[in-house]
Structures are given as structure tokens and as C-alpha cells.
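First residue of the sequence shown? That's 572 in our numbering, and the numbers climb one at a time after it.
These are computed hints drawn from the structure, not numbers from a lab.
Quick caveat: nothing in here was measured; it's all calculated off a predicted structure.
No incorrect hints appear here.
Below 25 Å or equal to it, Euclidean Cα-Cα: the simulated BS3-like pairs (lysine-lysine) are:
#, residue 1, residue 2
1, 599, 639
2, 646, 599
3, 641, 599
4, 599, 643
Distance windows between CB atoms, simulated:
#, residue 1, residue 2, range
5, 606, 657, 16 to 22 Å
6, 622, 643, 33 to 39 Å
7, 621, 600, 25 to 31 Å
8, 575, 640, 27 to 33 Å
9, 576, 641, 32 to 38 Å
10, 601, 578, 29 to 35 Å
11, 631, 605, 25 to 31 Å
12, 575, 639, 28 to 34 Å
13, 578, 648, 29 to 35 Å
Every residue gets a Cβ at the ideal spot worked out from N, C-alpha and C, and that includes glycine.
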Amino acid sequence: RGRGGESVALQALDEIIANEEYTATFEKPNTAPTAFEPQSTTLLSPHMHFGSLSCRLFYWRAQDVADKYKGKASKPPTSLTGQLLFRDM
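With these hints in hand, go ahead and build the complete structure from the sequences.
Here is the structure:
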């Protein structure tokens, strides 16, 4: 049985945000939803769909990582924040 709720969603978000390289360099055309290693999607869509994760919280946490990233961060519309804008805002 899958677990849900805000605490589970926030924990999952924390894990994604902790991987700064993944968050800052994510590019949609370079991912495949069927890839598991490395994980090609955040797997946060169900949490956003059922309202246990705010798309705005996700956006601003991801944007903060991209802004502080030392390397070359991806840009919208293919970036993680660009995908959030396209999908949820």
C-alpha cells in the first residue's frame, strides 16, 4: 500500500532538492519516464495531484537550488522549474 500525505510528500521533495545536480540540471527532453537508474522523474506528481505538495513550494525550492548551483543550470522550458510552470502554474 502506497503512503501519502503532506509529511511523506515533503520528505520526498527534500530528497529531490538534496540532489542539487539533479535538480539544477534536469532537462525534460533528456529523460525517459521508464528509466529507474538514475531516476528520470521526481515521482512527485501524485503528491501534487492529490494536494499533499504545493506546486509553489516545489517551484521555489527548485529555483533556489538552480540559482545557487555552481555549474551550468538548465533553463526553462526544459528545466525542472520550467516543467512546473508548464504543468501546474
